[in-house]
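K.L.:
Given only the sequences and the hints, what does the whole structure look like? Please build it.
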Amino acid sequence: MIEERIEYSNFRLLKISGGGTSTEVLKELSDYAIESGIAKQGYYEALIKREKEFPTGLQAARGVAIPHADEKFTNKSTIVLAVLDHKSKFHEMGGHNIIDVEIVFLLLTKELGKQVEILQNIVSLIQNEDILNMLKGPDALKVMEDNFRSLV
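Letter 22 of the sequence shown, counting from 1, is numbered 22 in the UniProt record's numbering, and no numbers are missing.
Everything labelled a hint here was simulated from the structure, so no lab data went into it.
Among these hints, one or two may not hold up.
Claimed, not checked - With a Cα cut of at most 27 Å, we get these calculated DSSO-like pairs of lysine-lysine:
#1 114 with 40
#2 27 with 110
#3 52 with 87
#4 27 with 114
#5 52 with 40
#6 27 with 89
#7 72 with 40
#8 15 with 27
Claimed, not checked - Cβ-Cβ distance ranges computed for the label pairs, FRET-style:
#9 18 with 111: 30 to 40 Å
#10 87 with 54: 15 to 25 Å
#11 49 with 95: 17 to 27 Å
#12 53 with 138: 29 to 39 Å
#13 116 with 75: 17 to 27 Å
#14 49 with 133: 27 to 37 Å
Ideal Cβ positions, reconstructed from N, Cα and C, are used throughout, including at glycine.
P.N.:
Pasting the structure below:
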């Protein structure tokens, strides 16, 4: 369940309680994206299909997932940062392991080229444990804006 939401420009911060499976987390996030008008109908199905074909879990200092779908399902380029209070299991990007995820970056982009650039920035960003800790705290939106403002 989404406990807290902060919306700022092209960034959204959600605190999610209750955990659940990766599918349940993605359903909650996609429902939020559609209800907020930043994604179109069909986004959830596209997100799940993409996640099954190309998993997005990454093991950093904290488990992170970066789910995204085809740009045709995006109304507004946005990065949704979801902080989970209970870890959720995601399949590892490019591997067969299961990652306990605490932070989810849901990417909604209208341009394919931007998606790749944002993914590269996130992968670079999550190598820094201090940044990951800040993403779970009160400065999360500032970190997002400082690192991604020019991309969305």
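K.L.:
All hints are to be evaluated individually against the structure, with a verdict given for each.
P.N.:
Quick rundown of the hints versus the structure:
1. 114 with 40: OK: residue 114 and residue 40 at ~19 Å, within 27 Å.
2. 27 with 110: Holds, at about 20 Å.
3. 52 with 87: Holds. Residue 52 to residue 87 sits at ~19 Å (cutoff 27 Å).
4. 27 with 114: Holds. Residue 27 to residue 114 sits at ~24 Å (cutoff 27 Å).
5. 52 with 40: The hint holds at about 20 Å.
6. 27 with 89: 14 Å, holds
7. 72 with 40: This hinted pair holds, its Cα atoms lying about 8 Å apart.
8. 15 with 27: 15 Å, holds
9. 18 with 111: 30 to 40 Å: 34 Å, holds
10. 87 with 54: 15 to 25 Å: 21 Å, holds
11. 49 with 95: 17 to 27 Å: 19 Å, holds
12. 53 with 138: 29 to 39 Å: Hint holds: Cβ distance 36 Å, inside 29 to 39 Å.
13. 116 with 75: 17 to 27 Å: 20 Å, holds
14. 49 with 133: 27 to 37 Å: 33 Å, holds
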